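Asker: Given the sequences, and given the hints that come with them, work out the whole structure.
Number of protein chains: 2
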Amino acid sequence: MSTKREQIVNAALRLFYQRGFNATGVDAVIAEARVSKKTLYNHFRTKDELILATLRKRDELFRNNLMRETERKASTPIARLSALFDTIGDWFREKSFSGCMFINAAAEFSDHDNPSHQLAAQHKKLVCDYIEGIAEEAGAADPKALAYELNLLIEGAIVYAHVMGDKDAARRAKEMAQVHISRQL
Amino acid sequence: MSTKREQIVNAALRLFYQRGFNATGVDAVIAEARVSKKTLYNHFRTKDELILATLRKRDELFRNNLMRETERKASTPIARLSALFDTIGDWFREKSFSGCMFINAAAEFSDHDNPSHQLAAQHKKLVCDYIEGIAEEAGAADPKALAYELNLLIEGAIVYAHVMGDKDAARRAKEMAQVHISRQL
DNA sequence: AGAAAGATAGACCGATCTGTTTACCTTTGT
DNA sequence: ACAAAGGTAAACAGATCGGTCTATCTTTCT
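If you read the sequences in order, they're chains F and Y. If you read the first sequence in our numbering, its first letter stands for residue 3, the second for the next number, and so on. If you read the second sequence in our numbering, its first letter stands for residue 3, the second for the next number, and so on.
Derived from the structure by calculation, the hints contain no laboratory data. Keep in mind it's a predicted model, so treat the numbers as computed, not measured.
One copy or any two copies: either way a pair holds, since identical chains are not told apart in the list.
Here are the simulated lysine-lysine pairs, DSSO-like style, with alpha carbons at most 30 angstroms apart:
{"hint": "1", "residue 1": "K146", "residue 2": "K97"}
{"hint": "2", "residue 1": "K169", "residue 2": "K59"}
{"hint": "3", "residue 1": "K146", "residue 2": "K169"}
{"hint": "4", "residue 1": "K169", "residue 2": "K127"}
{"hint": "5", "residue 1": "K59", "residue 2": "K49"}
{"hint": "6", "residue 1": "K97", "residue 2": "K127"}
Answerer: What follows is the structure, given as structure tokens:
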């Protein structure tokens, strides 16, 4: 149906991720999407709404990929807890990698009440919930605590990979994760 | 001597940190600094140069505070490795806390070759070097590896504290850190 | 066939952006 | 006392910002 809307969001996904939200004008988005400005503003009331729609799409794509890849790499819950770090390691090595779009959003929209910032917080929680589910299946003593720990290691690795360009961060984080996983099993 | 320059950088430190780099215009900086636009451009050739000078100042202030506070809180190297997390916990609880200015800079200046991004990477390395020094004094088996691990936990905690508003992140990271510290001693 | 819906390119709006310039004022060293 | 240095406020330049609007074209439903 609304393929124009998808074109716009797909263009926004690329541009906002690579260049940032404030640095990307709507003119750049419509040029990348090959769409007129009127069309963009027919689908989104403001740029802020486009940003929110783009972040929602990113959340969906990112978590779907995280789940699919992690479950493809490992078949047991315990192995999947480790495989999470292999999946993010693959992500770090993509040529388009520019950090976590939600960390980036929180950086630009620093106010915690900002809708984009809240969406970022929600995304992180959903990822954490997913990990908690695996930790439960794996029989962790305290799945919530283990998910928190693994997620914190993931965030640390993302920062290392983006800020310092450390493509090995996922492997190092994985080794640390093994320690915390084995303490719970 | 150059007190005007300091006024400008101090104003820029507040505004760039709270509102972001692209979202803060030079007009806002000169208003906050109570200085004319001419004066700003006498001291800095471009806004980008002001950003770089501001990041350099932030690096100096941040690391000095990290060292001073951590050394004040604990007198032995081993205790200091833990105290690092208390220091960042205090930071998280400041009302002006808006995440790590260098993570924020890397988010807005995503290109790794961007001078601001490179300064961010350098800052992270200097913090890691400081921790490595303590790890050495503490007699860690592999000080470089331990510093890497603790720094990764710190980055994870910063993300949690900023994106999710989790003021407890430093304590949780500290508990994780204890595990990795004790494995090396 | 013909009306309604939705697309197009692009002119246009007022505001804001970085950066320059003008004209004047204040401080300071000799 | 006086020139030089460095400060001020504000006008200005040209580009870009988010957002609106017009006039035209294409598609689709009945």
